[in-house]
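Letter by letter, the chains look like this.
4 protein chains.
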Amino acid sequence: MTTEKEKIANKYFKCNKRERTAFELGIKLGSLFHQFIGSPVSEKNVEILANAMEKTTERQAYVKSAEIHINLERSKKGKKEGIFEYTTLTEDMIEAKVLVEFKSVEAVGELKYIEELNYPLMYISKLD
Amino acid sequence: MTTEKEKIANKYFKCNKRERTAFELGIKLGSLFHQFIGSPVSEKNVEILANAMEKTTERQAYVKSAEIHINLERSKKGKKEGIFEYTTLTEDMIEAKVLVEFKSVEAVGELKYIEELNYPLMYISKLD
Amino acid sequence: MTTEKEKIANKYFKCNKRERTAFELGIKLGSLFHQFIGSPVSEKNVEILANAMEKTTERQAYVKSAEIHINLERSKKGKKEGIFEYTTLTEDMIEAKVLVEFKSVEAVGELKYIEELNYPLMYISKLD
Amino acid sequence: MTTEKEKIANKYFKCNKRERTAFELGIKLGSLFHQFIGSPVSEKNVEILANAMEKTTERQAYVKSAEIHINLERSKKGKKEGIFEYTTLTEDMIEAKVLVEFKSVEAVGELKYIEELNYPLMYISKLD
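Protein chains in written order, with the numbering used here: chain A, 73 to 200; chain E, 73 to 200; chain L, 73 to 200; chain P, 73 to 200.
Okay, chain A solo, but in the shape it has when bound (with noise of 0.2 Å):
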């Protein structure tokens, strides 16, 4: 965004620079999910999918990359086979990592299934 509009939005911000990219990050984890969960997907269409979460997810503010990896041996796993060959996208098939950079702090966020908890987690990895 132009310099000028930034600064505008920045003001709104009550916050660290750091706690504001602790939001930033958290925004781009809560999107990601709710945006796709529910996809039909299968072995045919995965690594396009998940292409294309990582590439929307990148067009967001202050992201600088994003690596996502759909598990579907997790879908296998937690369901018996369907009528038709497809699932549908669930949140404890989604592996994604994003890096995010405000005002030079950069911040790592993930979103995983975590066995011990039967949850998905979305935690921060890295901030500095």
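Wrong hints could be hidden among the right ones.
A pair holds if it fits inside one copy or across any two, identical chains being indistinguishable in the list.
Unchecked claim - Here are the simulated DSS-like pairs of lysine-lysine, each with C-alpha atoms no more than 25 Å apart in a straight line:
{"#": "1", "residue 1": "Lys86", "residue 2": "Lys198"}
{"#": "2", "residue 1": "Lys175", "residue 2": "Lys89"}
{"#": "3", "residue 1": "Lys89", "residue 2": "Lys169"}
{"#": "4", "residue 1": "Lys169", "residue 2": "Lys136"}
{"#": "5", "residue 1": "Lys184", "residue 2": "Lys169"}
{"#": "6", "residue 1": "Lys136", "residue 2": "Lys79"}
{"#": "7", "residue 1": "Lys77", "residue 2": "Lys89"}
{"#": "8", "residue 1": "Lys198", "residue 2": "Lys89"}
{"#": "9", "residue 1": "Lys169", "residue 2": "Lys116"}
{"#": "10", "residue 1": "Lys198", "residue 2": "Lys184"}
{"#": "11", "residue 1": "Lys83", "residue 2": "Lys169"}
{"#": "12", "residue 1": "Lys86", "residue 2": "Lys175"}
Since the hints were derived computationally from the structure, they do not count as laboratory data. None of these values were measured; they are calculated from a predicted model.
Fit chains E, L and P to the supplied structure of chain A, relying on the hints for placement.
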């Protein structure tokens, strides 16, 4: 799907095969629309997002092919430019054409913004 | 919509009115599914989410009524308990019944998880 | 969640508790936005949709409260009237205020269309 399971599924339907084909077509257009609306999009990811939408639609039951185009121009016309260099996918930007086949009945459905209606219309353009 | 605009829209359709009704029904079920999958849900918001899904479906063209039930039990059966006290809405939890009417043709469509298919089936249960 | 599992989850985070709170807030705003964009909405279901968005947000981890308003006026200003009496929810129509608390740190995040930015801004309006 397996022939056996498909037979079981078919028993639930109280309609003829042309009506079934029309129904399947409607499902695909409704799904496409509501799954991807809201995705960040710009010139940099527009091709890959449209491609992922095609391949995702093609995974669904009875779809033979899908052609999808995202019209970024419509977005530019309708909105002033925001502070970041992307927009979110809106219904009037999608141009889709989906071919389904059920028991040798083929039908083509389209989603297109119709100027004189000011509305993104989903319609059956061919059924035979 | 206005009679005049509806006439313009109808010209785009190459099918009879029963097929059109089936198509409209498919759109509504596909939309419902892909719009709401992924929403956080627990006993505390299940009623209001189902109600919003009904009222949202009823806003769409040609819908006369929608009845939606979210079956949290299905979620409990299929998954171990996560670390937080909610789950995300999955397709097998939705039980929907939608009535549409187009030019005096009425049709009922349903979305229901079918045990013997291991699949959330969308089907036309009545068309006349 | 249980204290024990929460402890396990917390080990994944490489940040302080204020940054964590900011991150959790970002997740909720990103989720809200991408989950509900595209929903059909009119005066008839606007209250119940906003209410469901609030209650759904409140189910998520660390959220204490959510206030959501859908501004249909923005839609009327920006678009000509379509052929049906509803529109789809767009990002500029949502006004949200979410309060999260993590380990006694409270933060308020807002989502609001900012006229001078021509952009629906998500920001931290309070963190302490």
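Now for the hints, and whether the structure bears them out:
{"no.": "1", "hint": "Lys86 to Lys198", "verdict": "both (22 Å within a copy, 6 Å between copies)"}
{"no.": "2", "hint": "Lys175 to Lys89", "verdict": "both (7 Å within a copy, 21 Å between copies)"}
{"no.": "3", "hint": "Lys89 to Lys169", "verdict": "both (21 Å within a copy, 21 Å between copies)"}
{"no.": "4", "hint": "Lys169 to Lys136", "verdict": "within (11 Å within a copy, 28 Å between copies)"}
{"no.": "5", "hint": "Lys184 to Lys169", "verdict": "within (9 Å within a copy, 27 Å between copies)"}
{"no.": "6", "hint": "Lys136 to Lys79", "verdict": "within (20 Å within a copy, 30 Å between copies)"}
{"no.": "7", "hint": "Lys77 to Lys89", "verdict": "within (17 Å within a copy, 30 Å between copies)"}
{"no.": "8", "hint": "Lys198 to Lys89", "verdict": "both (15 Å within a copy, 14 Å between copies)"}
{"no.": "9", "hint": "Lys169 to Lys116", "verdict": "both (23 Å within a copy, 20 Å between copies)"}
{"no.": "10", "hint": "Lys198 to Lys184", "verdict": "within (15 Å within a copy, 29 Å between copies)"}
{"no.": "11", "hint": "Lys83 to Lys169", "verdict": "between (29 Å within a copy, 17 Å between copies)"}
{"no.": "12", "hint": "Lys86 to Lys175", "verdict": "both (15 Å within a copy, 19 Å between copies)"}
When the structure is compared with the earlier hints, no violation turns up for any of them.
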